[in-house]
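Please put together the full structure from these sequences, using the hints given.
Using my numbering, the letters of the sequence shown correspond one by one to residues 72 to 366.
Bear in mind the hints are in silico, worked out from the structure with no lab data behind them.
The C-beta atom is built at its ideal place from N, Cα and C for all residues, glycine as well.
Misleading hints may appear alongside valid ones.
Said to hold, decoys possible - So the derived label-pair ranges between C-beta atoms look like this:
1. 196 / 131: 32 to 42 angstroms
2. 204 / 116: 45 to 55 angstroms
3. 147 / 256: 14 to 24 angstroms
4. 191 / 302: 30 to 40 angstroms
5. 196 / 147: 43 to 53 angstroms
What the hints assert, rightly or not - Calculated cross-link-like contacts (lysine to aspartate or glutamate; reagent style DMTMM-like; alpha-carbon spacing at most 25 angstroms):
6. 164 / 175
7. 164 / 83
8. 164 / 264
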Amino acid sequence: MLTYRRPEGLAEAVGMLRAQLDLVPGARLLVVDNDEQPSASSAVAEAAGGDVRVRYVHEPTPGIAAARNRALDEAGPEAVVVFIDDDEQPSEKWLPTLLGCWEETGAAAVVGPVLSRFEGEPDPWITAGGFFRRLRHPTGTVVTTAATNNLLLDMAQVGSLRFDFGFGLSGGSDTVFTRTLSADGGRIVWCDEAPVHDLVPVGRATREWVRSRASRIGNSDSRAQVYLTPAPRRLIARLQATARGLVRVLGGGSRVVLGHLAGSQTHHARGTRTLLRGVGMLRGAWGSYLTEYAR
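Here you go:
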């Protein structure tokens, strides 16, 4: 579990994950603190209550890629590593279910769904736009991209692959990592029975935040596409990403207009989401990006 300046929620998070450790003999919890100072040290120690299965490390290098890589390096080449965010709650049998899927499929990675829970009632416009709804698949489906908010990695198959520091402050290093793993022959399998719940604070359930997030998701997608394309074909990749972005801008913009004319909140919100993803893709296609994790 990576953490950055969220000491108030660590006690609950560590407690829930300790309960998961009880279900899997030999499992351990590693907390990687990505603050410049070891600000989470005392909170983790208190939450661990002397449990030797819980270990804390401090990774001061800024950026989520550095924290993810520290987790992989600490785990070692024969480990099975499972990532979960510090603001997420695992379902009842989350950890053994992920491991069972890995054992059954022999996949290099297993990814589970993330379901959002809100601290307060979200704006109906946000709900209508599906800004916090994520794709789900039948268990066993092979995917080529995954986030690290509910991800198992078999280090024996991952090998020396690591998260790219070039995406450490902007986000998207997990996209590059999993696409590379997949392109190198590592299967990433979906496990729909192992969800975690994303706790959405009031400050994130706003139109401003979800608009920015939609643009960032599109931006990471096209940046990763261009980055992973060999240099001789990179211009073609930029043009392809530009075309994909334009389709979304035009389609989303049209739906926004339709929403205005028809008085449809759903069309307006979903059109806005599509349009902004397209704008992010256009920026990413030509190397422009935001530093979401900047200090």
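Outcome of the hint check:
| no. | hint | in the structure |
| --- | --- | --- |
| 1 | 196 / 131: 32 to 42 angstroms | holds (40 angstroms) |
| 2 | 204 / 116: 45 to 55 angstroms | violated (37 angstroms) |
| 3 | 147 / 256: 14 to 24 angstroms | holds (22 angstroms) |
| 4 | 191 / 302: 30 to 40 angstroms | violated (48 angstroms) |
| 5 | 196 / 147: 43 to 53 angstroms | holds (47 angstroms) |
| 6 | 164 / 175 | holds (16 angstroms) |
| 7 | 164 / 83 | holds (17 angstroms) |
| 8 | 164 / 264 | holds (9 angstroms) |
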